[in-house]
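S.K.: What follows is each chain in one-letter form.
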Amino acid sequence: MPRLLRTTAFRLSLLYAAVFSLIASAALGFVFWSTISHIDEQIDARLRLETDVLMQLFRSRELPGLLETIQTRNRADNAGTFVYLLSGPDRDLLAGPLTSWPTDLDASRTYATFTREQLFEVQPRSKGHDELIRVLVTQLPGGYRMLVGHSVEDAKRLQSHTLTIVAVAIAGIVGFALLGGALMGWDVLRRIDAVNRAAGEIVHGDLTRRLPISRRNDEFDALALRLNIMLERIEKLLVGMRQVTDHVAHDLRKPLNRLRSRLEVTLLEARNEDEYREVMEDAIADADDLIGTFNALLSIAQMEADVDRDGRTQFSASALCEDLAELYAAAAEDKHITFRSDIQSAITLNGVRGLVAQAFSNLLDNALKYAPTDGTIEFALRQDNDGAVVATVADNGPGIAAEDRERVLERFVRLEAARSTPGNGLGLSLVKAVTGLHGAQLVLRDNHPGLYVEVRFPNNLPRLTVSPA
Amino acid sequence: MRILVIEDDLDAAAFLVKGLNESGHIVDHAADGHDGLHLAENNRYDVMVVDRMLPGIDGLSIVRKLRDSEVDTPALILSALGEVDDRVEGLAAGGDDYLPKPYALAELMARLEALARRARPEQAATQLQVGDLQMDRLKRKVTRAGQDILLQPREFRLLEYLMRHAGQVVTRTMLLENVWDFHFDPQTNVVDVHISRLRSKIDKEFAHPLLHTVRGSGYRLDEHG
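Those protein sequences? They're chains A and B, same order as listed.
Those letters in the first sequence? Residues 1 to 469, per the working numbering, in order.
Those letters in the second sequence? Residues 1001 to 1225, per the working numbering, in order.
One or more hints might be untrue.
To be verified - Partial list, computed: chain A residues near chain B (C-beta under 8 Å): (1) A330; (2) A331; (3) Q358; (4) D365; (5) G375.
To be verified - Derived lysine-lysine pairs resembling BS3-like cross-links, with alpha carbons at most 25 Å apart: (6) B:K1141 x B:K1201; (7) B:K1201 x A:K335; (8) A:K254 x B:K1141.
Read the hints as simulated data drawn from the structure, not as lab findings.
Computed from a predicted model, the values in this text were never measured in an experiment.
Note that the Cβ used here is the ideal one computed from N, Cα and C, for glycine as well.
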């Protein structure tokens, strides 16, 4: 319960309840007050009317007529709703239920309210002694005075009845508002508790756990959905990170070990300076390979984490590919490989130029590595009608078997055939990461024979931060 | 050359200072940003090596402060972060070159030489000459011993870069960056092939070779072997 009291929903409903109750009470209070004053006015009006009638009588039928009427009425009105008194000039009572005129009634044309025991001689503390009677005292010509009174007990009863109703209504309103607030607070609390529990389990390491989503499709569900997407991403990244760590541990141990034993063996045998120098140069080459592998892994990991950086620009893909073609054509020719390039001009791309260059260069490196002597490499860049920019690299080397094409994109996967060639098994993974970062598709196909790689950049590249650099 | 090294990793710094000393350079070392800035402001250096992450003031801020107070000593920024952006950021701060850690000492020294050379004003010369090899940058004409040598545009740029850094070691990475504007290391020997083509054009028919391969580092264009 104390937790419920601390919920925002409950506090808000409480505040609303308070404000609403205040307004409702004021409205009901006003109704009550105007009802009461209306009833009072009505009694006064009846007294005035009765007095006017009797005055009329007095004028037309003089004192005897009035006396008779008053006595008749006093008798007739046994229930005591109306009381009539008439006194002579020297305060002697001429008509009425009393024996003498009440001493404190002097004024004329005045309304006053008395209790029954103030007007009549009744047993103290007897029933009805405190009944309130509203009176109108009138001065008649010739020193006569007339009193017309009317019990206000009915009005009193009505008043207290109304008061009860109003009080019950206000209590009801406040009660329902509090109950509503509590229910709302409880509902919100229940849903937040569910989220809390799920979050707790996630914190304790169950990354597959997701936040509960109800069928109401409200703002809580929208939030939970968002958070679930976030959790999915985090899980994916963590799994990816774990894989990287595993692969690093697995695949770097081998070259590190090789480096170590190379140095150890060298120490065991006595050698001359030239031999030492040679070993050290080999060791440096090993270290360089390791560094290269680390760098490649790092940039793949960063790209896959989609750490969005500045550095996206609009650059000329045509110029980039022309430069690459020129750079690689010479190396191909050197290996007696025919290098053909077909690059459409004036094609631009929005992306990180350095990374795209790196990716294309990896593809060309591969082609150069696997194309046979007297083979062919074809490098092309074109823009399709749908605006997609497509770069292709094809060679007529051994190619990749259909069942291996997915696998080679994973980190460190090197097919048996490639074991003898240099490389860290990260080239295609890096291409995949770069294409992924750019929202491009990477497709490997059979070139009959050889490998055909296509990178397709969709037209609507996400325009992210474009830095001036 | 007088070189200032601002590097807080004392082992790395000792190694670097030793390497530079052995190549005949005079080296001052500062282990934190404040000392480094102080030294750079109050002494004349030919070139400086600034680590990006430093206690006190970070490397980029040092370079920025120096540039603001019109100290234009060429600065090479070292960083453990090897991303494309970091490079851009380093150059934007007023650095003249950028090298990610871990680096090869040969690469670093080659780049320092290039930076120190660049700071000298002979840059704008339209005529470059190394031995009997001459280049007219305006007419885009290359001759050796009076004989015309026909070069492809890229070969021209390659030779131009080598001639500007004549006598210095130029690494493959430097060539790829400055001649092709590519900032990555290809796995194949693409640069070597271009060098060998250039070599066949400028050296093949002459008794005295100018373009030398420096084992483990790169290339050097030099009149004296």
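S.K.: Determine for every hint whether it applies to the structure shown.
M.R.: Outcome of the hint check:
1. Given hint, A:A330 at the interface with chain B, holds; its Cβ is 4 Å from that chain's nearest Cβ, closer than 8 Å.
2. For A:A331, the interface hint holds, since its Cβ comes within 8 Å of a Cβ in chain B; the closest pair sits about 4 Å apart.
3. The restraint placing A:Q358 at the interface with chain B holds, with a minimum CB-CB distance near 4 Å, inside the 8 Å limit.
4. Checking A:D365 against chain B by beta carbon gives a least distance of about 5 Å; that is within 8 Å, so the hint holds.
5. Below 8 Å, beta-carbon pairs count as interface contacts, and A:G375 has none with chain B, the closest being about 15 Å; its hint is therefore violated.
6. Between B:K1141 and B:K1201 the CA atoms are separated by roughly 13 Å; this keeps the pair inside 25 Å, and the hint holds.
7. Only pairs whose Cα atoms come within 25 Å are accepted, and B:K1201 paired with A:K335 is accepted, the gap being roughly 19 Å.
8. About 52 Å separates the Cα atoms of A:K254 and B:K1141, which puts this hinted pair outside 25 Å; it is violated.
Of the numbered hints stated above, those contradicted by the structure are hints 5 and 8, listed in ascending order.
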